[in-house]
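Visitor: Sequence:
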Amino acid sequence: GSIFMDDLFCSGEESSLTECHFPGWQVHDCEPTELAGVRCVRVEKTTPLPVRVVDVDKNDVGISIVDSPPGKPQEFFEPLRRLFLMDLRIRLREGRNSMEGRVEIFDERQKLWGLICADGFGMLEAMSACRNAGFAYGQQSVRGSLFASVNISSVPILVVGLKCDGDEGNLADCRYTPLVRQCPDNEFAGVVCAEELPDLVIDKDELERSTYLEDRQLSFLACAMEENCLSSSAYAVPVDEYFYQTRRLLRFTTRVANTGSIPFRPFLPKDRWIWHQCHQHYHSMEVFAHYDVVDRRGHKVAEGHKASFCLEDNFCDQTTTQVYACANYGDQGISVGCVDTYLHNIDCQWVDMTDVPLGNYTFKVKINPDYKLAEATFDNNAASCELIYTERYAAVRRCIYERP
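Residues in the sequence shown are numbered from 1 upward in steps of one, following full-length UniProt numbering.
I should point out that these hints are in silico values taken from the structure, not numbers from a laboratory. The reader is advised that the hints may include incorrect statements.
[As the list claims (entries may be wrong)] List time: in silico DSSO-like cross-link candidates among lysine-lysine, alpha-carbon distance up to 30 Å:
1) 306 x 204
2) 300 x 204
3) 270 x 372
4) 372 x 306
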């Protein structure tokens, strides 16, 4: 069916989703695997006890148990090697070339080839599958039915609920959910592999240098409010009080370099780019970055901001020519050896800290956070920093790289 809403911005107090902020009806960049679902509880019921979530270390053939937050569905993960007892042989079938196709694995015990359920099979699983198949990278996870010219209903689905970190050399080192036996719609996994990919890297040093606090009147933030760049409390302020009310903004510069082997290009076609009045240009990726402030328990204390970007070559090294530019509806992307910079003084280049108590936190900036586009590695796509937040100033220090 159709996808009507994307990038919802809710406070949790709305009685209808139409009261939340969102880009517009049927404005989205969603994939079928990103459809939302909820599990509800009645108010009169007591809060359930924490369930047990089974997780494993990929280097451990056993399992370890951790507590999950209340209300989170129970999940059990086991090493796939425990099921097949050895490294897995893999092949890609019926692709347009040898680097794509539906994923088939060989079960040595039953002496047959089988499929992997597509439910939950995403970019990280594709990366591991392609590496297992002998290629450098995974470029895309797709529905395997795209690579089935004949009826293959007789081919069994051997694995449901595959979960990989993306750096496994063999799928046997991934995990799966043994308690789940049914594959939704019997849809199986397919991949497109690659030998070259872009690699985006956040400039964490620039993040430390550029961060500061600014108090700004709401009357100057009308455009930013339209793009959902403020916390929900800002939208509760009456319009006639905008001149007297201020927001405390944690401003910073986001600088992203492409250190890979090919350009980073948006996946949306040009006719689906969205015009952003605040920045006066088209954004080719509606969610290119996440900005979050979390406490020592890992809870978000500032309402996370999802930033959309126009991708261009702001600065390139001496051996590279600038190719991509946002002006005049130009082509967008980040060339190899070039940097895209969103300066601290641009609208929405902030986190709204107005409702956050003073204290020490962790500040996280994540790019390509949903793994929408393939990269050589995602290990440098997020910067996690110490944030000192006081009445007079904010300081960011000791940033380290991690995954989104």
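Visitor: Is the Cα-Cα distance between residue 306 and residue 204 30 Å or less?
Guide: It holds: about 19 Å lies between the C-alpha atoms, which stays within 30 Å.
Visitor: Take the C-alpha atoms of residue 270 and residue 372, compute the straight-line distance between them, and say whether it is at most 30 Å.
Guide: Distance of about 17 Å is within 30 Å: holds.
Visitor: Check the hint pairing residue 372 with residue 306 against an upper bound of 30 Å on the C-alpha distance.
Guide: holds, 14 Å
Visitor: CA of residue 300 to CA of residue 204, is that 30 Å or under?
Guide: holds, 21 Å
Hint violations for this structure: none, all hints satisfied.
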